[in-house]
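Visitor: Based on the provided sequences and hints, a complete structural model is requested.
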Amino acid sequence: MSLSDSLPQIAELIALMRENDVSRIDYEDEQVNVSVRFGGEVVMTQAVAPAGAAPTAVADTGGAPATEGAGNIVKSPMVGTFYRSPDPSAPPFASPGDRIEKGQVLCIIEAMKLMNEIESEVSGVIAEVLVDNGQAVQFGQPMFRIEAG
Amino acid sequence: MSLSDSLPQIAELIALMRENDVSRIDYEDEQVNVSVRFGGEVVMTQAVAPAGAAPTAVADTGGAPATEGAGNIVKSPMVGTFYRSPDPSAPPFASPGDRIEKGQVLCIIEAMKLMNEIESEVSGVIAEVLVDNGQAVQFGQPMFRIEAG
Amino acid sequence: MFNKVLIANRGEIALRVIRACRELGVRTVAIYSEADRTALHVRFADEAVCIGPPPAKDSYLHIPAVISAAEITGADAVHPGYGFLAENIGFARALKSHGITFIGPDPEHLAMFGDKLSAKAAARAAGVPLLPGSAGAVSDADEAATVAAEVGYPVLLKAAFGGGGKGMRVARDESELRRSFGITSNEAEAAFGNGAVFIERFLERPRHVEVQVAGDQYGTAIHLGERDCSLQRRHQKLLEEAPAPNLDVRVRDALREAAVRLAENSGYYTVGTCEFLVQDEEFFFLEVNPRIQVEHPVTEQVTGVDLVALQIRLAAGEKMPLAQSDVTLTGHSIEVRINAEDPWTFIPSPGRITGYHAPGGLGVRVDAAVHEHATVQPFYDSMVAKLIVTGKDRAAAIRRLQWAMDEFVVEGIRTTLPMQRQLVADPMFAAVDYHTKTVDSWVTTRGD
Amino acid sequence: MFNKVLIANRGEIALRVIRACRELGVRTVAIYSEADRTALHVRFADEAVCIGPPPAKDSYLHIPAVISAAEITGADAVHPGYGFLAENIGFARALKSHGITFIGPDPEHLAMFGDKLSAKAAARAAGVPLLPGSAGAVSDADEAATVAAEVGYPVLLKAAFGGGGKGMRVARDESELRRSFGITSNEAEAAFGNGAVFIERFLERPRHVEVQVAGDQYGTAIHLGERDCSLQRRHQKLLEEAPAPNLDVRVRDALREAAVRLAENSGYYTVGTCEFLVQDEEFFFLEVNPRIQVEHPVTEQVTGVDLVALQIRLAAGEKMPLAQSDVTLTGHSIEVRINAEDPWTFIPSPGRITGYHAPGGLGVRVDAAVHEHATVQPFYDSMVAKLIVTGKDRAAAIRRLQWAMDEFVVEGIRTTLPMQRQLVADPMFAAVDYHTKTVDSWVTTRGD
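Protein chains in written order, with this note's numbering: chain B, 1 to 149; chain E, 1 to 149; chain L, 1 to 448; chain F, 1 to 448.
A few of these clues could be false.
Said to hold, decoys possible - Each computed DSSO-like pair below joins lysine-lysine, with the alpha-carbon atoms no more than 27 Å apart: (1) F:Lys237 - F:Lys392; (2) B:Lys113 - F:Lys57; (3) L:Lys166 - L:Lys120; (4) F:Lys4 - L:Lys392; (5) F:Lys4 - F:Lys96; (6) F:Lys116 - F:Lys166; (7) F:Lys4 - B:Lys113; (8) L:Lys237 - L:Lys116; (9) L:Lys392 - F:Lys319; (10) E:Lys113 - L:Lys4; (11) L:Lys392 - L:Lys237; (12) L:Lys392 - E:Lys113; (13) F:Lys392 - L:Lys392; (14) F:Lys96 - B:Lys113; (15) F:Lys96 - F:Lys57; (16) F:Lys57 - F:Lys237; (17) L:Lys96 - E:Lys113; (18) L:Lys96 - L:Lys57; (19) L:Lys237 - L:Lys120; (20) L:Lys4 - F:Lys392; (21) F:Lys116 - F:Lys96; (22) F:Lys392 - L:Lys319; (23) L:Lys437 - L:Lys166.
As the list claims (entries may be wrong) - If you anchor each label on the Cβ, the simulated ranges turn out as follows: (24) L:Thr445 - B:Gln135: 37 to 47 Å; (25) F:Asp426 - L:Thr38: 29 to 39 Å; (26) L:Thr330 - F:Asp426: 28 to 38 Å; (27) F:Gly90 - L:Asp406: 30 to 40 Å; (28) E:Glu128 - L:Arg93: 51 to 61 Å; (29) B:Glu128 - L:Arg352: 34 to 44 Å; (30) B:Glu128 - F:Glu287: 50 to 60 Å; (31) F:Leu329 - L:Ala430: 30 to 40 Å; (32) L:Arg352 - F:Asp253: 53 to 63 Å; (33) B:Pro91 - L:Ala430: 53 to 63 Å.
No lab work stands behind these hints, which were simulated from the structure alone.
Every value quoted in this text rests on a predicted model; they were computed, and no experiment measured them.
All residues carry an ideal CB built from backbone N, CA and C; glycine is no exception.
Guide: Below, the structure written as structure tokens:
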């Protein structure tokens, strides 16, 4: 069960809560953790990574900018500095509108003086680049949105 | 709205909670205050006296023995010592099975050396005497159960 | 020592007394109104008695109920805390007639210090300076000028029957006094139907400094240093500290001596506070608070003396366990009272606390009786918690206070904390550049 | 002083370091795993960096992630807390090569005290007594008897390749030794394929006493008194106190001097602990912990010294701000570690805290990073909170501890508190009639 699977039921619960003046519901299972207070205000919605998930598939970071639209979010597998191109004079690995294939390099993250090439896990079209060149990234921070196509 | 009015809705909520693995619901309005945790265990059920209630009509005390069955519960309007008869040699004012009328003296509570006669607010039959002669009573402590009849 | 103490109070002070009793090996009885059924003082006392419905007049202030609770539980002493019945002479007398010890002063001392005139007379008798002023109403501008010359300018002209700041006027010299006298008297005549005017020395920027004293029943009294409580909003203290910062050492010593003299002279026993107004190198008697005070922890922190335990021991007839020379002050302590009020309008904000996290760690003490899901009742005073920090000096205490206030989380109700965070961060606080009227004007210029 | 310190830890110690940094005016960076997104150290630091998934090896123990977090945030120093990377030589070296200060000892001192043999050599060089024993394996019963006579009875016979209490036998005199030698050697041969046996002095009822030391980078070292940590379950400390009660004053002074001598002799700087086993009037070197320890608050309470702030200042190259004569011990302090474990089986009990209330008031300090609704993660150690009480003497501290433990409420998970309440109430605790092996046997006779 994931958060999105539960959402219809949570919505139903919220409706019921309103009728009953319920002040708060805490819902938790192994993968999601949701708190709701009176008025339907969602105080915290947090997805915890499933145990044993691949290191490149990580959850949203709290501090990361919200991502709009659908598609695959490519998240940083490590803490470091994000570079869009192999060197300042070279063109970016991937820009919005570019078609990319699974396994293609999307960016470089520098950590501990090492340049780590980050490959795409999916094929598709770059919809958004969510980090500026040279910016620091945290573990799990969204970097690209890739749409099918 | 009282606790008993809300009970069907709470039961419905509990059923929904079970389906959703909800861990806890806090429900509160001006008069009742209910916490429910996962598994349907009722952690606390507490009725708060409605504002402006008459001093003789007070809520259950936490420390009081549970009362069984239906009927009117006569509660102590003051802190003091409970006496069933006007003096040790006299018969009790009211015993189980006795028919009593509204305004009839049920017991005496001694407080600050004063003997306070406590009158019944209702007519009916004494179903239970909930306090022993000479025992201390708190404010709001149930003393008698009176059944209609 | 007592066998069983009934605590005729609620909230943090009830819990404070329960803790002191546990350390003294004394059993405790909590009393509670129906609104406080789940309160912590009920949970942590050895016994608890429900004494009435939520309104204080029908429960915590209802003397027969409190005394009956003591009788049915066999308590041999009652600790009144502060507020409620702590200064009620009738309560103290009723307990005495029931053979139950009131943990506080003798009823005669409650009477002496509960009345402004007799309190002033006691202070005068002990040689404690009073704010100079006319003995009674002055009849005309000439008499006013004569009195004012003795009292010293600036002076305050006060309508004898005025109140709440009305009918008052400040005069800084004789010509201003002569101009103001007629106006004040006429206004008083119009507003209160009586033109009588009093004259009193006016203090522009007084600080509120109070000396903690303790006396035993055998004539010995000591002081435990002083506290500064100048940061007040409409006479409600917001922050207190010990010792009083930047206080002239001669003034400090004179204050302390005056307070002890007053206690000894009046035969006062138990713990209490002698309050003064201090301006530059002068100080004037304000009043005596014959009870434990909300801000007592800052004194405990710098003296290492448990004032509540001391109060109970003195009430039980023990001799003063400390000599004046045993009292040494170390470090600096600041208390912030966190009230359930809007931080800027001070409108009470009772309700359910939906999130609560108190800071901890080195030098942090929290005296509170709330927790997550606790309800701040609308029936009683709005104090939620007292945050007390202690450091090696005032600067260290302020740094500690800042993170501790930032870590203090109270959700679901509004509290005074955001205002107090700004107050402590204001340079005037670090510079001790404030007096009793500072906050009232400061607040109007702040806010989110 | 540093500009920005990254705290390479979580939980209460991360919060402790953040508070010390705030008082020093240093900015802070928290790191966190995905399981700690809502943790208090993340909330109260100036900045926070997510460094990996929940398992510690992929986050808090993952050196490249921690160092990268320091680099992207521009931290000029890293505080490792305790546990995790606090004694990792590779981490300290990597930080050094990146020009980031490790707030702890030099990597060479980590190496020296991280290895049992080199630690013992350093102790021996500083004239600190070691537990007497054979230099290597003894070859036969005659040699064993000769060594044992030098070492003094009782002695412990230990299979060289044994472990976990296996292959050990105590001999109280020579005839018992001669009987046991062959059995131990044969058993060792059978069990471990090697019959080599060591001989060591056996302590029947040793107490664990440790001296808090601090050194600067200019050769000055001082001690801050000692702590008793004898109440352990399987080498996990449950309760610690300062100063060590009922310790012979000559032993106490000798311990303190030995610890300072070892620190000065080895050129050790930063704060750390020198651990000893004490029995009657003898003491023996155990190990050096070159870091801040879980139980440091009890020393802070009786010395008034902020050990974490001192550690940071020493790492920044400041000279020792205190002379030995400035260190005075006042009162008595006891810490209870509250772990999320079954109180009797000690099986971890992670999960969501559904109810939480920590005690407060006079003499009570709580170092914790939990709150109602916090989740005790299964990935990390099980400590929920540290309750520290301080009183004017040990008896006063124990009375305070009892009510403070009774007021400590943690619901939703099991904790060690019920066991610790019984331990503190046991007469052997007040009588200081215990040693390092007491709790293991005591626990088996208790329980609800």
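Visitor: Look at each hint and say if it fits the structure.
Guide: Going down the list of hints, with the structure as the test:
A hinted pair counts as satisfied when its Cα atoms are at most 27 Å apart, and F:Lys237 with F:Lys392 qualifies at roughly 24 Å. Note on B:Lys113 and F:Lys57: the hinted pairing holds, with a Cα-Cα distance of about 21 Å set against a maximum of 27 Å. Under the criterion of a C-alpha separation no larger than 27 Å, the hint pairing L:Lys166 with L:Lys120 is consistent with the structure, at around 23 Å. Distance hint between F:Lys4 and L:Lys392 is fulfilled; the C-alpha atoms sit about 24 Å from each other, no more than 27 Å.
Distance restraint check for F:Lys4 and F:Lys96: the Cα-Cα separation of roughly 16 Å lies within the 27 Å cut-off, and the hinted pair is therefore satisfied. For the hint pairing F:Lys116 with F:Lys166, the CA-to-CA distance comes to about 20 Å; that is within 27 Å, so the pair holds. Restraint check for F:Lys4 and B:Lys113: the C-alpha separation of about 21 Å stays at or below 27 Å, so the hint holds. Restraint check: the Cα-Cα separation between L:Lys237 and L:Lys116 comes to about 20 Å, which is no more than 27 Å; the hinted pair holds.
Note on L:Lys392 and F:Lys319: the hinted pairing holds, with a Cα-Cα distance of about 19 Å set against a maximum of 27 Å. At roughly 21 Å between alpha-carbon atoms, E:Lys113 and L:Lys4 fall within 27 Å of each other, so this suggested pair holds. Annotation: proposed proximity of L:Lys392 to L:Lys237 holds, straight-line Cα distance about 24 Å (limit 27 Å). With a C-alpha separation of about 55 Å, the suggested pair L:Lys392 and E:Lys113 falls outside the 27 Å cut-off, and the hint is violated.
Of the supplied pair hints, the one linking F:Lys392 and L:Lys392 holds, its CA atoms being roughly 18 Å apart against a limit of 27 Å. A distance of roughly 14 Å separates the Cα atoms of F:Lys96 and B:Lys113; the hinted pair therefore holds under the 27 Å criterion. With a CA separation close to 21 Å, the supplied pair F:Lys96 and F:Lys57 stays within the 27 Å bound. Taken as a hint, the F:Lys57 and F:Lys237 pair is honoured in the structure, with Cα atoms around 24 Å apart against an allowance of 27 Å.
The straight-line distance between the Cα atoms of L:Lys96 and E:Lys113 is roughly 15 Å, inside the 27 Å bound, and the hint therefore holds. Only pairs whose Cα atoms come within 27 Å are accepted, and L:Lys96 paired with L:Lys57 is accepted, the gap being roughly 21 Å. Distance restraint check for L:Lys237 and L:Lys120: the Cα-Cα separation of roughly 23 Å lies within the 27 Å cut-off, and the hinted pair is therefore satisfied. Only pairs whose Cα atoms come within 27 Å are accepted, and L:Lys4 paired with F:Lys392 is accepted, the gap being roughly 24 Å.
With a C-alpha separation of about 24 Å, the suggested pairing of F:Lys116 with F:Lys96 holds against the 27 Å cut-off. Restraint check: the Cα-Cα separation between F:Lys392 and L:Lys319 comes to about 19 Å, which is no more than 27 Å; the hinted pair holds. For the hint linking L:Lys437 to L:Lys166, the alpha-carbon distance of about 16 Å falls within 27 Å, and the restraint holds. At roughly 40 Å, the beta carbons of L:Thr445 and B:Gln135 sit within the given window of 37 to 47 Å.
Checked against the hint of 29 to 39 Å, the C-beta distance between F:Asp426 and L:Thr38 comes to roughly 32 Å, which is consistent with it. Between L:Thr330 and F:Asp426, the C-beta spacing of about 34 Å keeps the proposed range 28 to 38 Å intact. Look at F:Gly90 against L:Asp406: about 36 Å separates their beta carbons, and that is inside 30 to 40 Å. Taking 51 to 61 Å as the suggested C-beta distance range, the pair E:Glu128 and L:Arg93 does not conform, at roughly 41 Å.
The given range of 34 to 44 Å is respected by B:Glu128 and L:Arg352, whose C-beta atoms sit roughly 42 Å from each other. B:Glu128 and F:Glu287 have their C-beta atoms about 55 Å apart, which keeps the hinted 50 to 60 Å range intact. Range check, F:Leu329 to L:Ala430: about 32 Å between beta-carbon atoms, so the 30 to 40 Å window is met. Our hint of 53 to 63 Å for L:Arg352 and F:Asp253 holds, since their Cβ atoms are close to 56 Å apart.
At roughly 56 Å, the beta-carbon separation of B:Pro91 and L:Ala430 lies within the given 53 to 63 Å, and the hint holds.
In summary, the structure is inconsistent with hints 12 and 28 from the numbered list given earlier, while agreeing with the others.
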